[in-house]
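Asker: Protein sequence lines, in the order shown, are assigned to chains D, H, Z and E. The first sequence: position 222 = 222 (this note's numbering), numbered continuously. The number in this note's numbering is simply the position in the second sequence, starting from 1, with 1000 added. The number in this note's numbering is simply the position in the third sequence, starting from 1, with 2000 added. The number in this note's numbering is simply the position in the fourth sequence, starting from 1, with 3000 added.
Hints listed in this document are in silico derivations from the structure and should not be mistaken for laboratory results. Among these hints, one or two may not hold up.
[Said to hold, decoys possible] Derived DSS-like pairs (lysine-lysine); straight-line CA-CA distance at most 30 Å:
(1) Lys1275/H - Lys1208/H
(2) Lys222/D - Lys275/D
(3) Lys300/D - Lys267/D
(4) Lys267/D - Lys1300/H
(5) Lys300/D - Lys1174/H
(6) Lys174/D - Lys237/D
(7) Lys2283/Z - Lys300/D
(8) Lys3121/E - Lys3060/E
(9) Lys1267/H - Lys267/D
(10) Lys1267/H - Lys1174/H
(11) Lys1275/H - Lys1222/H
(12) Lys11/D - Lys174/D
(13) Lys11/D - Lys3121/E
(14) Lys275/D - Lys1174/H
(15) Lys300/D - Lys222/D
(16) Lys237/D - Lys267/D
(17) Lys1300/H - Lys3121/E
(18) Lys1174/H - Lys222/D
(19) Lys2283/Z - Lys11/D
(20) Lys1275/H - Lys174/D
(21) Lys1208/H - Lys227/D
(22) Lys1267/H - Lys275/D
(23) Lys1237/H - Lys1275/H
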Amino acid sequence: MVEMVSRPYAKAFEAFAAGNPDILCLSADLTSSCEVDGFRDRHPDQFLSLGMAEQNMMSFAGGLGLAGYRPFIHTFGVFMYRRPYDQLMASIAYPRRKVRLMGFLPGVTTPGGMTHQSIEDISVMRSIPNMTILETGDATEVESICEAADSIDGPVWCRVLRGSVPRLFDTPIKVGEMRELSSGDDILVVTSGICTEEAMRARSALAKAGLSIRHLHLHTIKPFDSKALLDHIGSVKHGVITLENHVTEGGVGSLVAETMADAGVGKRLIRLGLKDTYAHGGSRAYLMRYYGLDALALVKGIEDLTGQQFGITEDDLDAARVEDVHSLVKAEAL
Amino acid sequence: MVEMVSRPYAKAFEAFAAGNPDILCLSADLTSSCEVDGFRDRHPDQFLSLGMAEQNMMSFAGGLGLAGYRPFIHTFGVFMYRRPYDQLMASIAYPRRKVRLMGFLPGVTTPGGMTHQSIEDISVMRSIPNMTILETGDATEVESICEAADSIDGPVWCRVLRGSVPRLFDTPIKVGEMRELSSGDDILVVTSGICTEEAMRARSALAKAGLSIRHLHLHTIKPFDSKALLDHIGSVKHGVITLENHVTEGGVGSLVAETMADAGVGKRLIRLGLKDTYAHGGSRAYLMRYYGLDALALVKGIEDLTGQQFGITEDDLDAARVEDVHSLVKAEAL
Amino acid sequence: MRNERTTEEVALGIRRRVFEHSMRNNGGYLSQACSAGEQLAWLYNEELKLGAPTLPMIPKPFEGVPSPSNPDYHTGAGYNGPAAPEFDRLFIAPAHYALVAYATLIEVGRMAPEGLEMFNKDGSSVEMIGAEHSPGMEVHNGTLGIGLSTGAGLAYGRKRRNEPGRTWVFMSDGEVQEGQTWEAVQAAAFHGIDNLYAIMDVNDQQCDGAMSSVMEVGDIKTKFRNFGAACVEIDGHDVQAMRDAVAESHEGRPLIILARTNPFHTMPILEERFPRLHYVRFKSEDERARMNVSIAADLGVEPVDYSH
Amino acid sequence: MRNERTTEEVALGIRRRVFEHSMRNNGGYLSQACSAGEQLAWLYNEELKLGAPTLPMIPKPFEGVPSPSNPDYHTGAGYNGPAAPEFDRLFIAPAHYALVAYATLIEVGRMAPEGLEMFNKDGSSVEMIGAEHSPGMEVHNGTLGIGLSTGAGLAYGRKRRNEPGRTWVFMSDGEVQEGQTWEAVQAAAFHGIDNLYAIMDVNDQQCDGAMSSVMEVGDIKTKFRNFGAACVEIDGHDVQAMRDAVAESHEGRPLIILARTNPFHTMPILEERFPRLHYVRFKSEDERARMNVSIAADLGVEPVDYSH
Ligand SMILES: Cc1ncc(C[n+]2csc(CCOP(=O)(O)OP(=O)(O)O)c2C)c(N)n1
Ligand SMILES: Cc1ncc(C[n+]2csc(CCOP(=O)(O)OP(=O)(O)O)c2C)c(N)n1
Ligand SMILES: [Mg+2]
Ligand SMILES: [Mg+2]
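Please construct the entire structure, taking both the sequences and the accompanying hints into account.
Answerer: This is how it looks when you write it as structure tokens:
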């Protein structure tokens, strides 16, 4: 059974930031929802409330960067680039301010529907020059995200998981690397964020079906080591499949597509994710099933790629975690 | 010598919109810069000044859409998605309002520097569900953009050229199609917007060098006919090269990469454009040279793709048009 | 469809439903029922001119997001009746007030009580953060601060078409922190959009607590007036004050009613949770039980049997 | 570096340079020299505490945008001297005022006159829309409405570090239409950022013409005060009024000086172009010639020989 870690960000951020005078904790009226309420209460001097006014917050953070601070901004991911995109561009990304953008509730990890779901943030960030993009897929990555982000000489976009988070890995994020989770030679599966757990759920069933999967987990999406990816692609026979908590245009799937096309790789790619669609509100597990982001969707994609049918059903996949909607580790409401 | 058309949008918009009670002309304090000053003066009843407040303008336009209007919004492209991105998403794109977003000064066609250059808009728009993306590459396309955009049952992002615009084509935009400008079988060149003229400049020199170029011009970027593209890719021996007035992440280059990888095409792709960089201010010709968006950059890309040197220099390329910075067809300042 | 009951009775009914729902679900947007009960009751029970609902009393399940391949898509606006020229329109700008808005629809007979049972259930259209397709909603407003602009655009368009119906926006005070709100007022005033009406729940609260501790906004009324709106400030629990406020003349300007409210009005025990009232999730079974007994007594109902 | 000349003389010098430049180039941001001449002259000649320039008098060419592969990148802030704790900082929020700002740098001896000849030339760092790397600039402000927020953040940070230097923002009135401006004032007031100062050129003009015809903004002073700033309104051509205004006590609040100006001050013939003053491009050789003669006389110089 997978270990579940409660509110890893809360602890990790406090451990990393408390007492470092150059780090400021910025918040936009979602302090407990981003698990920094404890930090606010215990380190009020390093905490800055900027209210529900994200545009000002971003340019303000740029000004703080100019004054030598390294602001960690906390809000839901969606409110950190849609409302204040212009400010993110001009005040943070262009001048390479050391602002750490901690975006909570990536993709469909929120029941809040289209206004709360950051489904195209990676596409947006990938096309922003100077941006670094990190995404957490487990508790260990959440625990190491602050240090990883703060090691970057420039702005960093982070997709952060909150609440009860599974521990899948035992080593921290090493920026610029990728995790090789299995080393098969039939098919390359590339996942990031919460989709990695899904791919792991499918692992044993696929193995039983006789398929040798090479599985990569990406925590660093930009900058990207395309040479390493190409080596992995070179090691598999059939092709590549990506699964991401994001639209299929512009995210990890496109990154892999670019890498393959640039190199003239003659293997097929299947890009799974939100298929050029918005999502609605609902539980994570429900939405992942509805929009084809889960283990079963991956299996179907692999069937498509190989042209085989494995007869794998939900029962064959490792038990999905069921989250208690009202568990106390979950922040209030959204 | 190529025909230069003066302010084609001004005339085309007025002809299309005037007298149609459901079309409203919205402007954000850049009325003459977007060539709708004549329309404002002659059709004040269809003109709505919303000032320099783009966020409100976008949601307001969404409300107008709900009331059955088809607003044509005019401002510089960059001010139509960066400042009001959240509003574009929630008030226009999600509900599929028939709002026509007329974005002027795409990419490096403005000397205004990073705050004025929409260098990643296509990437952003491509990852927005429900969005249609059109880009004009000549005067005929500018002349037909209003009708093309207004034929869409949903929001439309348009990259519009202004001022003195060359006439390259004699048929209007047919949404969803692509233009086959030459039908060679060595290399496929895919361009859009102002880069198409650059590729045409290189045509005769490349032909002299013995290279058979297949050249496609894209005015419709989303939705995209990948089957047609794949047929073209299938017809060339060496590979594909894209040239766009946009960053190389997420735009036309990525679209082509996705198409190739999805199909497992084993040919190389070279994506030219702004190479994950911001641009600065300067004349269009200078910036296209500096950032490698011009005919010479295309030739170099083709040399890279073919592994050959053609010894083509600037002198061998058809004369670049030199624009008079202070020509009267140019709108005031920016 | 109106005036079978007094607006005060409707407000009480709203609070009873939100209370019961929150008890059963171990949490909810309970404080918003305290503050906004009268406002939504007044709008639906008296003030809004709406036609009969055009959608089934029991909400249909979620039927897909808007897309070219979803031609039958429609919003939840049909619960407010048809979008005919003579009728009013309403946007719930702070979409997290949806729970209170759904309860209102039930109380005024526009939705069946079963609708509330579908709240935040997978596959239901009755979403926690009111979505376009949720009962009574016509647009997505979960990203705060965009509602008034949408209302202004719709009202302007309707005015152009000489439609007599008004456009109303229910707003929250948190929205005044967003710059867009000011752009919207400025534009509505500039274009003389006087068929635009807003009523704002000024409960002095936002997610992080009291607004003065999160981002002070000062005197909202004076601000709105300076930006060109007509603005009246009232006791948001006084229905007669609403009736008077809406009579304020505001030719050429939108009218904004600031309803000053108490975030634990009728449920005084909620004050224990001050200053974190935005979403009340019970911290313990004991708290849940105590609040159950206390609020039930306040609202004149039996405590909720939430054990099953 | 200051007070060798009176501020009025510096303002005149600025206008002469912008005039000459605009004549030679058949257009320019001429009206902004009329309105803002005194403001920028006052800031640089008297009010700002700045160190000696750290960058060459003749601007270096453009050296690349910021990127990890451009380690030697630097902004144009060195023309204002070093970013030392005791010195003031200045942002030109409406970046299209750059021409006027460059002329000011020359007049106060911080840039060589050759700098202006590089204006808007390919490969030059002296950009038309002031860029980060342009003389006197420290951030990109070409997208209007972001400048005050940046200033607030920097000022807050400097206050935390107990730096005595102030942070100044030169603003334009068009910026008050952008919602972000109001978010910035609200935040600066909430956090007591009183080492933040702004002076705004209230010329009542924007790109499309008179602001009242494009998007009415009403009484800016009252608005700023309502949002928590200290605000003084003065005649923007009266240098003594600026000196008095900056003395206004504003503990715990940013100070914003509204400089009400005339967009054709000292160049009355420009009134012919009203209400399109944002960028003056001469419509004919005749107009150019007439304006040349008229403005030259007003400014006490010879007409510009722009024929070569
Ligand atoms: C643009 C935007 N930023 C942040 C949020 C997250 N959020 C939801 S409600 C809210 C503020 C709550 O204040 P108010 O609207 O007054 O509601 P109340 O707490 O009084 O119910 C915030 C910050 C949001 N929905 N939209
Ligand atoms: C966010 C944004 N929207 C639009 C523009 C285009 N623009 C440049 S200056 C300006 C307004 C000019 O008004 P003001 O700032 O008062 O300058 P003035 O005309 O008085 O020189 C506009 C709309 C911009 N630079 N930024
Ligand atoms: Mg509130
Ligand atoms: Mg002005």
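Asker: Give a verdict on every hint.
Answerer: Each hint, compared with the structure:
1. For the hint linking Lys1275/H to Lys1208/H, the alpha-carbon distance of about 29 Å falls within 30 Å, and the restraint holds.
2. The straight-line distance between the Cα atoms of Lys222/D and Lys275/D is roughly 22 Å, inside the 30 Å bound, and the hint therefore holds.
3. Distance restraint check for Lys300/D and Lys267/D: the Cα-Cα separation of roughly 18 Å lies within the 30 Å cut-off, and the hinted pair is therefore satisfied.
4. Our distance criterion of 30 Å between C-alpha atoms is met by Lys267/D and Lys1300/H, whose separation comes to about 27 Å.
5. At most 30 Å may separate the alpha-carbon atoms for a hinted pair to count; Lys300/D and Lys1174/H exceed this at roughly 36 Å.
6. Restraint check for Lys174/D and Lys237/D: the C-alpha separation of about 28 Å stays at or below 30 Å, so the hint holds.
7. Taking the CA atoms of Lys2283/Z and Lys300/D, the gap is about 42 Å. The hint is violated against a cut of 30 Å.
8. Taken as a hint, the Lys3121/E and Lys3060/E pair is honoured in the structure, with Cα atoms around 12 Å apart against an allowance of 30 Å.
9. Distance restraint check for Lys1267/H and Lys267/D: the Cα-Cα separation of roughly 10 Å lies within the 30 Å cut-off, and the hinted pair is therefore satisfied.
10. The suggested pairing of Lys1267/H with Lys1174/H holds, with an alpha-carbon distance near 29 Å, which does not exceed 30 Å.
11. Distance check on the hinted pair: Lys1275/H and Lys1222/H sit about 22 Å apart at the alpha-carbon level, within 30 Å; holds.
12. Taking the CA atoms of Lys11/D and Lys174/D, the gap is about 20 Å. The hint holds against a cut of 30 Å.
13. Distance check on the hinted pair: Lys11/D and Lys3121/E sit about 53 Å apart at the alpha-carbon level, beyond 30 Å; violated.
14. At roughly 25 Å between alpha-carbon atoms, Lys275/D and Lys1174/H fall within 30 Å of each other, so this suggested pair holds.
15. A threshold of 30 Å between alpha carbons decides the hint, and for Lys300/D with Lys222/D the separation of about 28 Å falls inside it, so the pair holds.
16. Distance restraint check for Lys237/D and Lys267/D: the Cα-Cα separation of roughly 8 Å lies within the 30 Å cut-off, and the hinted pair is therefore satisfied.
17. Note on Lys1300/H and Lys3121/E: the hinted pairing holds, with a Cα-Cα distance of about 27 Å set against a maximum of 30 Å.
18. Pair hint Lys1174/H plus Lys222/D does not hold up; C-alpha atoms about 37 Å apart against a cutoff of 30 Å.
19. This hinted pair checks out: Lys2283/Z and Lys11/D have alpha carbons roughly 20 Å apart, not beyond 30 Å.
20. Simply put, Lys1275/H and Lys174/D have alpha-carbon atoms about 25 Å apart, close enough for the 30 Å limit, and the pair holds.
21. Proximity of Lys1208/H to Lys227/D is assessed by CA-CA distance (about 36 Å); at most 30 Å being required, the pair is judged violated.
22. The hinted pair formed by Lys1267/H and Lys275/D meets the criterion: a straight-line CA distance of about 26 Å does not exceed 30 Å.
23. Our distance criterion of 30 Å between C-alpha atoms is met by Lys1237/H and Lys1275/H, whose separation comes to about 26 Å.
Going down the numbered hints, you'll see the structure goes against 5, 7, 13, 18, 21, while the others check out.
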